[in-house]
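Trainee: Okay, here's what each chain looks like letter by letter:
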Amino acid sequence: MNTPAISELFSLPPDVKKIEHVDDTKAKHAAKFVMHLEDHTAGNLLRYSLLRNENVKFSGYRRPHPLENKIELKVHTNGKISPKEAAKQACDNLCTEFIKMKEAFLMQVKEFKGEGK
Amino acid sequence: MSNIFEESKTRAFIKNEGVDYNTTVTTQELPLEDFAENLQIDVISLNDEDITFDVKGIDPAFANALRRIFISEIPTMAIEKVNMWQNTSVIPDEVLAHRMGLVPIKVDPRLFEVKGKNEDHNENNCVQFNLHIKCTRKNTPEAQNRENDILPENDEALFNHASVYTSDMKWVPIGTQEEKFKNTPIRPVYEDILLSKMRPGQEIEMELMCEKGVGKTHAKWSPVSTAYYRLLPDIALKEEISGEEAQELKSKCPMNVFDIEDTGKLFVKNSRVCTTCRECIRDEKFVDKIKLAKVKNHFEFTVESVGMYKPEEIVTEGIKILKEKVKCWKNTMKGMEEDEE
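Which chain is which? The protein sequence lines are R and C, in order. Residue numbering for the first sequence is 1226 to 1342, as defined by the numbering used here. Residue numbering for the second sequence is -5 to 335, as defined by the numbering used here.
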């Protein structure tokens, strides 16, 4: 009855941005990113990636409501870099890691198949 | 004591009840070179249906993101629209339509587009099947004698098409599809899925339209039947066990993790097969003699394909999709900056 339409999983209303950037009013070098059309896959992945950065003091995410298809990611840095910069670095790192992982995986599969023959 | 502390960074300890798992996210930056060095992938087994592989050196978030993508965000083709012209079988229309939706279709989804909201079905976003089948009485004396009808096990011998299988679905090429898929005809993954049973005079006629979609909309689009990971078990003996105790422990383990040397000493033969049943540490006397642990950054993935993709393709597609997602976030964040300036 209250289930959101399936199309809401894939498309945003025209006036909504994919990622909103909200500065924290109470702390310096802290920000909140509201990411639309994302879930725990994105939230947890980014959180872990951010925490590995030594300039990040805090990072966490939450999904405010199970029927609303968005997550909030909070980032607090030590001031050497801005939260947005940290988030971008996190994305960059993940990207490189995925490429490395794919390469390694394909190599191993090839090797395994070679052994079989 | 400090030894246990050090060890708890890399291991989760299995207790009689529960697990000691200390979350340690190292706040020091893990440089990318280190990631490449630490990352280790090993294929344990691979066949047409499933793949088991080890990934060492990633964090739980990474592993879980992959698993979630395998299940719900790799696109496939599945029957979405059914035009039912005739259905006099025992299965109600809507149940049959739902049943058709769950039939896995063997076609490369990468060659198709997702159908837009206001788009019609065309050769780029749709695969069509027709199913027209009628059950009739065979022309044999046994079949003509209606008294034989009573026993359902006679159905196949007496009637034509008493069972409807996926092999009865006929692919109808749209536009240039016939040319495009000449070498890989589109068909259901399995030809022997029972769709319905019929008796003489009953008929099913329908048009089945497949569309591209992802598992988070409906599970029929999920390319995996199961996709899971677990932490690699690490089992060690803290002190030497031999003699009767060794025999006792060996027979306790249902997975045969332990074995006995010729000298009568117990040793860990194969820790991978451990299912964490805890049978070996149930008895108080063994609790302190065995170290039952899990390696925290060593994941054993098992991905079982439904049949639309090869199992190894599911993994590479999953990584590709995640990578594209991350790229999209980065670009959006870059775009945000330009907006502000």
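Think of the hints as simulated: they come from the structure by calculation, not from any bench. Take the hints with a grain of salt, since some may be wrong.
A short, non-exhaustive set of chain R residues, derived as facing chain C with CB atoms under 8 Å [what the hints assert, rightly or not]: (1) I1231; (2) K1243; (3) V1247; (4) A1267; (5) F1283; (6) R1287; (7) A1312; (8) D1317; (9) C1320; (10) M1326; (11) K1327; (12) F1330; (13) V1334.
Each residue gets a CB set at the ideal place from its N, CA and C atoms; glycine is no exception.
Trainee: With reference to the structure, classify each hint as holding or not holding.
Mentor: Hints, verified against the model:
Because the beta carbon of R/I1231 sits about 5 Å from the nearest beta carbon in chain C, less than 8 Å, this interface hint is met. Against a cut-off of 8 Å between C-beta atoms, the interface hint on R/K1243 holds, since the closest Cβ of chain C lies about 5 Å away. A cut of 8 Å between beta carbons decides the hint on R/V1247: the least distance to chain C is about 11 Å, and the hint is violated. For R/A1267, the interface hint holds, since its Cβ comes within 8 Å of a Cβ in chain C; the closest pair sits about 7 Å apart.
With a least beta-carbon distance of about 10 Å to chain C, the hint placing R/F1283 at the interface is violated under the 8 Å criterion. A hinted interface residue such as R/R1287 counts as satisfied when its beta carbon comes closer than 8 Å to some beta carbon of chain C; here the least separation is about 15 Å, so the hint is violated. About 6 Å separates the beta-carbon of R/A1312 from the nearest beta-carbon of chain C, less than 8 Å, and the hint is met. Evaluation of the R/D1317 hint against chain C yields a held restraint, the C-beta minimum of about 7 Å falling below 8 Å.
Interface restraint check for R/C1320: the shortest CB-CB distance to chain C comes to about 5 Å, inside 8 Å, so the restraint holds. Residue-level restraint check for R/M1326 holds (minimum Cβ-Cβ distance to chain C is 6 Å; threshold 8 Å). Interface hint at R/K1327: satisfied, since its Cβ lies 5 Å from the closest Cβ of chain C, which is below the 8 Å cut-off. Checking R/F1330 against chain C by beta carbon gives a least distance of about 5 Å; that is within 8 Å, so the hint holds.
Given hint, R/V1334 at the interface with chain C, holds; its Cβ is 5 Å from that chain's nearest Cβ, closer than 8 Å.
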